[in-house]
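**Q** Build the complex: two chains, separate frames, hints provided.
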Amino acid sequence: MHHITHTWRHLRRSPFQSLIAIMTMTVSFFILTMFIFVNSGLNSVLNYFNTKPEITIFLKDGLDKATLESAQAEIAAIPEIREVRFVSKEKALELYKDLNKNNPLLTEMVTASILPASFEVSAYNPKVLEAVAQKFTAKANLVDEIVYQKDLIESLMGWTSMLKKVAIVVITFFGIVAFFVTSVVIGLKITNRKDEISTSRLLGASLFYVKKPFLIEGIIYGLVGSTVGYLITFILQASFKNKLNTFFSPAIFVTSDPLYYIQWFVVELFIGFIVGLTTSFVVSKRYIKW
Amino acid sequence: MEIKFDGVSKNYGPISAIKDLSFTVKQGDFVFITGPSGSGKSTIIKLILNQIKPSSGQIEVNGVTPKTQQEIDDNRRKIGVIFQDFQMINDLTVEENIALNLDIVDYPNDQRLVAIDNALKKMKLQNRRYLFPMQLSGGELQRACLARALAISPQLILADEPTGNLDPINAWNLVKYLKQENELRGTTIIMTTHHTDIVKSLNKKVIKLEKNS
Numbered sequence: 010m011h012h013i014t015h016t017w018r019h020l021r022r023s024p025f026q027s028l029i030a031i032m033t034m035t036v037s038f039f040i041l042t043m044f045i046f047v048n049s050g051l052n053s054v055l056n057y058f059n060t061k062p063e064i065t066i067f068l069k070d071g072l073d074k075a076t077l078e079s080a081q082a083e084i085a086a087i088p089e090i091r092e093v094r095f096v097s098k099e100k101a102l103e104l105y106k107d108l109n110k111n112n113p114l115l116t117e118m119v120t121a122s123i124l125p126a127s128f129e130v131s132a133y134n135p136k137v138l139e140a141v142a143q144k145f146t147a148k149a150n151l152v153d154e155i156v157y158q159k160d161l162i163e164s165l166m167g168w169t170s171m172l173k174k175v176a177i178v179v180i181t182f183f184g185i186v187a188f189f190v191t192s193v194v195i196g197l198k199i200t201n202r203k204d205e206i207s208t209s210r211l212l213g214a215s216l217f218y219v220k221k222p223f224l225i226e227g228i229i230y231g232l233v234g235s236t237v238g239y240l241i242t243f244i245l246q247a248s249f250k251n252k253l254n255t256f257f258s259p260a261i262f263v264t265s266d267p268l269y270y271i272q273w274f275v276v277e278l279f280i281g282f283i284v285g286l287t288t289s290f291v292v293s294k295r296y297i298k299w
Numbered sequence: 542m543e544i545k546f547d548g549v550s551k552n553y554g555p556i557s558a559i560k561d562l563s564f565t566v567k568q569g570d571f572v573f574i575t576g577p578s579g580s581g582k583s584t585i586i587k588l589i590l591n592q593i594k595p596s597s598g599q600i601e602v603n604g605v606t607p608k609t610q611q612e613i614d615d616n617r618r619k620i621g622v623i624f625q626d627f628q629m630i631n632d633l634t635v636e637e638n639i640a641l642n643l644d645i646v647d648y649p650n651d652q653r654l655v656a657i658d659n660a661l662k663k664m665k666l667q668n669r670r671y672l673f674p675m676q677l678s679g680g681e682l683q684r685a686c687l688a689r690a691l692a693i694s695p696q697l698i699l700a701d702e703p704t705g706n707l708d709p710i711n712a713w714n715l716v717k718y719l720k721q722e723n724e725l726r727g728t729t730i731i732m733t734t735h736h737t738d739i740v741k742s743l744n745k746k747v748i749k750l751e752k753n754s
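Residue numbers (my numbering), protein chains in the order written: chain R, 10 to 299; chain B, 542 to 754.
The hints are simulated quantities; they were obtained by calculation from the structure and are not laboratory data. In this text, a Cβ means the ideal position worked out from N, Cα and C, and glycines have one as well. Among the clues, some could well be false.
[Stated by the list, open to error] With a straight-line Cα cutoff of 30 Å, these simulated DSSO-like cross-link-like pairs (lysine-lysine) come out:
#: 1; chain 1: R; residue 1: Lys298; chain 2: B; residue 2: Lys608
#: 2; chain 1: R; residue 1: Lys69; chain 2: R; residue 2: Lys106
#: 3; chain 1: B; residue 1: Lys752; chain 2: B; residue 2: Lys662
#: 4; chain 1: R; residue 1: Lys294; chain 2: B; residue 2: Lys608
#: 5; chain 1: R; residue 1: Lys100; chain 2: R; residue 2: Lys159
#: 6; chain 1: R; residue 1: Lys298; chain 2: B; residue 2: Lys587
#: 7; chain 1: R; residue 1: Lys252; chain 2: R; residue 2: Lys159
#: 8; chain 1: B; residue 1: Lys587; chain 2: R; residue 2: Lys220
#: 9; chain 1: B; residue 1: Lys594; chain 2: R; residue 2: Lys298
#: 10; chain 1: R; residue 1: Lys221; chain 2: B; residue 2: Lys587
#: 11; chain 1: R; residue 1: Lys203; chain 2: B; residue 2: Lys619
#: 12; chain 1: B; residue 1: Lys717; chain 2: B; residue 2: Lys608
#: 13; chain 1: B; residue 1: Lys587; chain 2: B; residue 2: Lys752
#: 14; chain 1: R; residue 1: Lys174; chain 2: R; residue 2: Lys74
#: 15; chain 1: B; residue 1: Lys545; chain 2: B; residue 2: Lys594
#: 16; chain 1: R; residue 1: Lys220; chain 2: B; residue 2: Lys717
#: 17; chain 1: B; residue 1: Lys741; chain 2: R; residue 2: Lys220
#: 18; chain 1: B; residue 1: Lys717; chain 2: R; residue 2: Lys221
#: 19; chain 1: R; residue 1: Lys203; chain 2: B; residue 2: Lys567
#: 20; chain 1: R; residue 1: Lys144; chain 2: R; residue 2: Lys220
#: 21; chain 1: R; residue 1: Lys294; chain 2: B; residue 2: Lys587
#: 22; chain 1: B; residue 1: Lys545; chain 2: R; residue 2: Lys298
#: 23; chain 1: B; residue 1: Lys608; chain 2: B; residue 2: Lys594
#: 24; chain 1: B; residue 1: Lys619; chain 2: R; residue 2: Lys294
#: 25; chain 1: B; residue 1: Lys594; chain 2: R; residue 2: Lys203
#: 26; chain 1: B; residue 1: Lys560; chain 2: B; residue 2: Lys749
#: 27; chain 1: B; residue 1: Lys665; chain 2: B; residue 2: Lys741
#: 28; chain 1: B; residue 1: Lys587; chain 2: R; residue 2: Lys203
#: 29; chain 1: R; residue 1: Lys221; chain 2: B; residue 2: Lys560
#: 30; chain 1: B; residue 1: Lys587; chain 2: B; residue 2: Lys717
#: 31; chain 1: R; residue 1: Lys298; chain 2: B; residue 2: Lys619
#: 32; chain 1: R; residue 1: Lys221; chain 2: B; residue 2: Lys619
#: 33; chain 1: R; residue 1: Lys220; chain 2: B; residue 2: Lys619
#: 34; chain 1: R; residue 1: Lys294; chain 2: B; residue 2: Lys665
#: 35; chain 1: R; residue 1: Lys298; chain 2: B; residue 2: Lys749
[To be verified] Residues of chain R placed beyond 10 Å of chain B at every Cβ, according to the derived structure:
#: 36; residue: Leu28
#: 37; residue: Leu102
#: 38; residue: Glu103
#: 39; residue: Trp168
#: 40; residue: Leu172
Only chain B is shown next, with the shape it has when bound in the complex (with noise of 0.2 Å):
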């Protein structure tokens, strides 16, 4: 999934989020998007889910600008989303909120079964499978919001400061799955961080943001 911004600005009344930015990022890439707290990371995620709209500039999506609720809601299906503070829905087991994901996304019903499992193989939490989000520590949690993501094969994967809540060891780990499904499947991630080390050591695209930039 290709993604570009141009000239897009948000402003929340009088305070400017962000102004005049422009990038593009590619089917494949793997970009970090990084930047002081406040600087704007999360309205970018934000602004490509369609949960809020640019004050002015344009978003792209794999070229077009989606107008339509219908076409907001087709591209939000192809989206992996890992969100800053999980949501992950509280009354539903981990397996259940995957299975949610995937009856929203309307995954083929006789590849639901082998998609969880393989979500939560990858992610190391089956024995997790059948426990309630508020019964999972933060690592566990953060890995659950990853395996719901993975599951329905996202064509893009937006990633809200996964690391915020991790150790260093369980940030690694992410990373390293998001790495992982970038290089074997293609998808493509935009990640938001303040971790400058993990930026660093990946070498990967980099959007930079500055405050009241």
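This is chain R alone, in the form it adopts within the complex (with noise of 0.2 Å):
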């Protein structure tokens, strides 16, 4: 308890310096949870379209029904192939007027005759989605084009390597500034205290009982930083949550899991205990020496 109350002497005594330290820790830890969100967030929009891996064959005009399910029943025939689904030419003009329901010029001139009808064909392996790309492209006859969704799905992991990367480099380089500031702040607390550590020595006490305020308030610095930053990045999150999901929709880049967030909530607290803990247990061992 006695330790305690040194610690808070310590911070109202000095509240500027204690002030820096915590800031520099809350920007610190608001870098980090806004790449872990990110992260998380680009993980499980790749991973909606790993999940639904689809490919959409557009076909000819004209095609007789029989050639049409001879088709459907030679894709349905590969391995590891989920769903082969037809989509005709009137579906086709109902999908496209729903999606553009909104905006009755583009819908007016449109007619069942201009759309082509697809099949739609969905796997539980991405890579067979290619062989069957590769194999339609062949009948000419058949096929008008095919579009499938290996180019977003490499441009989304491309991102997320690149964020990956770039967020290593930045959490690196914040986590040395906040090394370095709450070094100095502690140091300069532990010269300004010079006198009563070196008292109190005289008097019987250890040298751990000296460097303990010291090492607690490292710990609060941690704590109070990593949960400020958690917590500004978490409202940030939250206010924009309807937008981001909006825009990756159908994918969900915000989740709305409690569970997600209390779990980061918890190792980011233990983090900054540990970045506390480990700068002002190296300070304190450097100053208090007598």
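**A** The following block contains the structure:
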């Protein structure tokens, strides 16, 4: 209890120094949380498209029913194909109208005859889709165009990978800044309390006893910094949740799972605790030797 | 607590502070260390506290020469110190200063308040309890320092020139408190002073140092 009082006194006597340390920690944890959330969001979008591998085979006009059924059966026979759906010209018009229902100008001139019929193919394994695409590209008399999400997935994977690299560099940089700023602040406080430490040592206080308030102070910086940094990012994300989810629709970029948020909060608290403790431990070991 | 100096010398570079000093202070003794300025009185106090190491010779505390930091800390926790410059912590009240010392020596929690009350009462500082050291007079500060030392019920009190900054009345009062502590609780007292009248009138053991001894 005495050490907590002691630490509180340290914080109170030099509030601006403490504030700088907490703010630096906060900025670092804000950036860390932001990367975590963005990375999770991109991964969730990526997973969505990965778990729903799909290609659309647009068909040429004028194909008879037997040809269509034979082509559908041929696709369905390929292993690991989940579903083959035939979308007729009429159904395509329905989908088109539904998609553009708020823009009558785009729908009034369109008829079923100008839209192609298609097969929507989904598979358990995205690699199968590539084989399907290659196989049907060769059937020029049957197929008009093939569209599948490989490009989108590759682009998303590229973004996620780049984000991870940037995150490592930025977080390392801000981690180092937080370490040095907190070190300087705690170092200054130790220097300011040199006489008090020296008197306590002469009265029989162990090295650990005189270091303890500074260790607690470092832990407080870490815990408060991580909590505030996390909360700021959480609030920001919550305010943009609808916009982000609409943008990435039908995938979900911002999850509503409370467990996800609690889990990351606990992880960041732990990181804050370790960073604060390590910083204050290193500094107090360096400055308190007598 | 018994202190034994055996052929102890302490040099600060080319300057010899004490040279080949031997003496024994037994449990319950009241010993004055006298001598002119620069004769090494404060050096002896620092050596007992292990604040500095002897250049040669041995210092035993209760028959053992403390070697590890743990042993040094353990010994310090049995000693009540009255520093020449008080060394009270300025942003703690008198009560908090005493409480800090009790915490350092790991005094039983449930007895701390009683120990503080008793020490303040003995030193007639009850009404100065919540004041900061800067708000006390020289005499009060010295008594607060003694209260901090007494509160932990030490085995040994080291008083380094405790009367140096005091007027004759306060100086006598302080010595009276130390004598009382020595007689009532059998606490060993080592006090450095250059007030010869105090030394003479108390008729206790004296270690007399000479400059460049």
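**Q** Taking the earlier hints as the rules, which of them does this structure contradict?
**A** 3, 12, 14, 16, 17, 18, 19, 20, 29, 34, 35
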